[in-house]
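J.: Residue-level listing of the chains:
There are 2 protein chains.
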Amino acid sequence: MRIALGQINSTVGDLAGNVALCVRFAREAAARGAELIVFPELSITGYPPRDLVEKRSFVQHSEAALRQLAQRTGDLPLSVIAGYVGQSSVPTGKQATNSAAVLRGGEIVLRQNKILLPTYDIFDEARNFVPGDTQTLWHTGQQDVALTICEDAWNDKQFWQHRLYTRDPVDELMQRGATVAISINASPFWLGKRALRLEMFGAMARRHKVPFVVVNQVGGNDQVVFDGSSFVMDAEGRVIAAAASFREDLVIADLDAGSDPASASLAETFAKDEADAVYDALVLGTRDYIRKCGFQQVLIGLSGGIDSSLTAVIALDAVGRENVRGVAMPGPFSSDHSVRDAKDMAERLGIRFDIVPITPAYEEMCRTLAPIFEGRKPDVTEENIQARLRGMTLMSLSNKFGAMVLTTGNKSEIAVGYCTLYGDMCGGLAVISDVPKTLVYELSRVANTRHSNAIPESVFVKPPSAELRPDQKDSDSLPPYHVLDAILRLYVEEFRCVREIADELSLPLDLVSDVAQKVDRNEYKRQQAAPGLKVTSKAFGMGRRFPIAQRYSENE
Amino acid sequence: MRIALGQINSTVGDLAGNVALCVRFAREAAARGAELIVFPELSITGYPPRDLVEKRSFVQHSEAALRQLAQRTGDLPLSVIAGYVGQSSVPTGKQATNSAAVLRGGEIVLRQNKILLPTYDIFDEARNFVPGDTQTLWHTGQQDVALTICEDAWNDKQFWQHRLYTRDPVDELMQRGATVAISINASPFWLGKRALRLEMFGAMARRHKVPFVVVNQVGGNDQVVFDGSSFVMDAEGRVIAAAASFREDLVIADLDAGSDPASASLAETFAKDEADAVYDALVLGTRDYIRKCGFQQVLIGLSGGIDSSLTAVIALDAVGRENVRGVAMPGPFSSDHSVRDAKDMAERLGIRFDIVPITPAYEEMCRTLAPIFEGRKPDVTEENIQARLRGMTLMSLSNKFGAMVLTTGNKSEIAVGYCTLYGDMCGGLAVISDVPKTLVYELSRVANTRHSNAIPESVFVKPPSAELRPDQKDSDSLPPYHVLDAILRLYVEEFRCVREIADELSLPLDLVSDVAQKVDRNEYKRQQAAPGLKVTSKAFGMGRRFPIAQRYSENE
Chain A
0 MRIALGQINS
10 TVGDLAGNVA
20 LCVRFAREAA
30 ARGAELIVFP
40 ELSITGYPPR
50 DLVEKRSFVQ
60 HSEAALRQLA
70 QRTGDLPLSV
80 IAGYVGQSSV
90 PTGKQATNSA
100 AVLRGGEIVL
110 RQNKILLPTY
120 DIFDEARNFV
130 PGDTQTLWHT
140 GQQDVALTIC
150 EDAWNDKQFW
160 QHRLYTRDPV
170 DELMQRGATV
180 AISINASPFW
190 LGKRALRLEM
200 FGAMARRHKV
210 PFVVVNQVGG
220 NDQVVFDGSS
230 FVMDAEGRVI
240 AAAASFREDL
250 VIADLDAGSD
260 PASASLAETF
270 AKDEADAVYD
280 ALVLGTRDYI
290 RKCGFQQVLI
300 GLSGGIDSSL
310 TAVIALDAVG
320 RENVRGVAMP
330 GPFSSDHSVR
340 DAKDMAERLG
350 IRFDIVPITP
360 AYEEMCRTLA
370 PIFEGRKPDV
380 TEENIQARLR
390 GMTLMSLSNK
400 FGAMVLTTGN
410 KSEIAVGYCT
420 LYGDMCGGLA
430 VISDVPKTLV
440 YELSRVANTR
450 HSNAIPESVF
460 VKPPSAELRP
470 DQKDSDSLPP
480 YHVLDAILRL
490 YVEEFRCVRE
500 IADELSLPLD
510 LVSDVAQKVD
520 RNEYKRQQAA
530 PGLKVTSKAF
540 GMGRRFPIAQ
550 RYSENE
Chain B
0 MRIALGQINS
10 TVGDLAGNVA
20 LCVRFAREAA
30 ARGAELIVFP
40 ELSITGYPPR
50 DLVEKRSFVQ
60 HSEAALRQLA
70 QRTGDLPLSV
80 IAGYVGQSSV
90 PTGKQATNSA
100 AVLRGGEIVL
110 RQNKILLPTY
120 DIFDEARNFV
130 PGDTQTLWHT
140 GQQDVALTIC
150 EDAWNDKQFW
160 QHRLYTRDPV
170 DELMQRGATV
180 AISINASPFW
190 LGKRALRLEM
200 FGAMARRHKV
210 PFVVVNQVGG
220 NDQVVFDGSS
230 FVMDAEGRVI
240 AAAASFREDL
250 VIADLDAGSD
260 PASASLAETF
270 AKDEADAVYD
280 ALVLGTRDYI
290 RKCGFQQVLI
300 GLSGGIDSSL
310 TAVIALDAVG
320 RENVRGVAMP
330 GPFSSDHSVR
340 DAKDMAERLG
350 IRFDIVPITP
360 AYEEMCRTLA
370 PIFEGRKPDV
380 TEENIQARLR
390 GMTLMSLSNK
400 FGAMVLTTGN
410 KSEIAVGYCT
420 LYGDMCGGLA
430 VISDVPKTLV
440 YELSRVANTR
450 HSNAIPESVF
460 VKPPSAELRP
470 DQKDSDSLPP
480 YHVLDAILRL
490 YVEEFRCVRE
500 IADELSLPLD
510 LVSDVAQKVD
520 RNEYKRQQAA
530 PGLKVTSKAF
540 GMGRRFPIAQ
550 RYSENE
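For the protein sequence lines, the chains are A and B, in the order given. Residue 65 in numbering that gives the first Met the number 0 sits at position 66 of the first sequence, with consecutive numbering throughout. Residue 205 in numbering that gives the first Met the number 0 sits at position 206 of the second sequence, with consecutive numbering throughout.
Calculated directly from the structure, the hints in this document are not laboratory data. Treat the hints with care, as some may be off.
Since the list gives no way to pick one copy over another, a pair counts as held whenever it fits inside one copy or between any two copies.
Stated by the list, open to error - The calculated lysine to aspartate or glutamate pairs, modelled on DMTMM-like cross-linking and capped at a C-alpha distance of 25 Å, are: (1) Lys-54 x Asp-519; (2) Lys-399 x Glu-373; (3) Lys-399 x Asp-473; (4) Lys-537 x Glu-522; (5) Lys-524 x Glu-492; (6) Lys-524 x Asp-120; (7) Lys-208 x Asp-343.
Keep in mind the model is a prediction, meaning the values are calculated, not measured.
The task is simple: from the sequences and hints, build the whole structure.
T.: In structure tokens:
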């Protein structure tokens, strides 16, 4: 059986565009002799459609788009598997289903609703969909195909120590004699995810002794980046075909062919090069957010620090050097090297660079506020005014020139609130908000490898500082970043308690407790943050939902 | 049977504080001869705890707090029903349950897990909890009690045309011979909700021919306001006891007593006076957000318009006149009457009032940007600079004096994006962000009734304007607010499509389509908005989750 993996980049809600994309891929696959093309989960609507599925018209349009896809591929000598939002036919529950259909000769020959609906982290599927209940094997040629949708294949009894669901839809279909498994996915990227997929599907292929065809979305949709990395495994769990990561791809695989060394070696890269992969994920997520929002150009405040430098290089890879504009905004406490380093890098990258000083406006604001502040000492207020004037400057350029502002805050500082709401947090997309500071340095090395050391070495070695008061350093009130990041990983990503963290890292309880309190206290800032690209197992944003007005203390 | 309704205001995460509150109410109820006190859903943890339940320590602390409550009420001659987050005992699924327990003599005599987990609008329970499966009748004295948790009682087969779940836990317990039903709730307020509760529970009482005891949370937690309005109904669905709306209350009800005219007439108010109820909900939600965040004082930008005027009066009722500070920030295009009206109202209310002009800083910003803007005409950029300077001014006062900024935008303008991100959207709480402009006028009349016409009549009659350019009026580019609000209600709250709305309201398709596009296009602003208080069936914020980078068009 000759199967095409249709690894496409759908745009959420663009039903006509997504159908056209499927048709184009299907024609190409047919021309290359495929008997079947498999598209990812919700290929027709994009993923995640979120509350768009609350609109009755949206569900109807999705059903209509599926019929259109059937018709427009009806003349092709191949079957098509596509994902769509379906109209539920059961009387109770939500109106929509997360479904897959098999199309052939202009007809919808099989429909399958997703049974296991992920409802954790960024996933809200129990909110938006009614779960499927029954399953049908699809008989085609010599094969009995077990067709499942993403989470349906992520609950293997043997693979997972702790399971979220009692049912195992793949196992159920295998019991009925399936000869091949096809899993369509919208499985987001995060650190280690590609290796996990290979490991899990490999274990399932070996357990059930059937080949697995795994097709994944590629592209960024708001906070989520899909890496693609689709593959076919034989019944021993060996990769016999693999699609690229982080770009569209059409791969034709022959189920009966043996192991393919090129594919196997591509798949091997899935399990390593993670700093490169995170970098690529950020480029793709940035490019797609900008493009799918209808923008072309971006603006970045360049402070001469490592965060804004990395963001600028990612932006360049995302939208091209001609579409990136860097702006240095020196203030009263900016060091000489900050503008110099920013300018230096902008020149090396070949991006447009402007200098807009904030000092005059800062002084005017201070004069305006002097009467009402009389008798009060300078404090964080004046620091925030500087950050907010920079935010205002960037937003003014954005308004005037129609470019999107990218924010440059990293995960470590957003976690502990070392950022100014309506200041450096201004922007349309928070590119590196899920990248801990230690990883920022690693990714900056990746950036420099790709762009002949565009980020000056001085940027790597200078001590991190917000430069909002004389001689300010991040280390004045934070532990070193490698310590901070270790604490944050356990506290934010793993929900561990302070005492455990202190024990595990051999750190003073007070230090860990202080960091944890900073994280908790700054929830209000994060809830007004720009959307950020998720690259770890737990990002701030839609995947981590905490109350603001709450008083939980672990020390009760 | 003598039952106390323990209508308390829990704080999310404040386990020790919530237990102490329960103990105090239980002692009082015992002193007044109650045999049983019933507290609301998740009374021990507060509602919604959201992802706090992902912390293993939180679940353990909640279980420990329940045992503490049992011990600390163990000497009282009454039973206690309380809600808590439980540790799941089933091997698959989430770690936590949403549970109720019956406490007596220091022991936990019964535990019941919530079976139906609401997962729509603001509710994320399938994300956070594993559902219960089995139920047990609680036998006490002469009664067999059907104890259910909120949603478990909201799926009556006969009452709802469309049901979300196949199971009806109340019905199941009634089949087993329950003689009284107790429903503990965290049922948020919105327009019409109190009447719906009476109607639904009344229908259930009559159908099952048993009395219903319905206890609800009271208080604000982030975006959600619980109104209380607990009640007891006899087996004919008549109210025989009722607790206040929008404040804590302890009501003792005798199940065998007949109808009580005072309670019945209190309950009658639940079904009307909705403008008053919305006003009260906003006061409570504002007070609790400020208090539970640890603030005392608030700052409001007073423009002399109706939105900021209403917000100021609500704030005064929430935290007292001594804790409200109004700031007028006249700019280059402010009319004379704006500062005059703002000052006039501040004087009538007796709140502190300051004037901080933004014109000097505005002119300085324009000078700074002049070189980079050369050859470009003034546009929305300059309007936004004014709004952002006001936001910065308020945030500076907030930073310096430790007061929370309240934003003053209404639902209509937030819907269509007539607000400036990082400008008038700056603040900790968006008090009236779920109040359509037409309702803003109604609530302002309520405010004036309670505060001897503090809002000057001129504020009601002036045409709405942002005053960001000469002679600007909202009506320059928006339909009249009664038309806009009618469109928004159908489009935003009911997810209706443009064509249907145009037909239903007899409006030109273009007009409706233009409004709908404005709503869609401004999703990015709303995702960075301050949390707002929900008072309608569908508010922006956590209860309405749309993608930003999406291209759905109903006209496909």
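J.: Next step is simple, just say for each hint if it's right about the structure.
T.: Going through the hints against the structure:
no., hint, in the structure
1, Lys-54 x Asp-519, "between (36 Å within a copy, 13 Å between copies)"
2, Lys-399 x Glu-373, "between (36 Å within a copy, 11 Å between copies)"
3, Lys-399 x Asp-473, "between (33 Å within a copy, 22 Å between copies)"
4, Lys-537 x Glu-522, "both (15 Å within a copy, 24 Å between copies)"
5, Lys-524 x Glu-492, "within (18 Å within a copy, 27 Å between copies)"
6, Lys-524 x Asp-120, "both (19 Å within a copy, 23 Å between copies)"
7, Lys-208 x Asp-343, "neither (58 Å within a copy, 81 Å between copies)"
Comparing the model with each earlier hint shows a violation of hint 7 alone; every other hint is respected.
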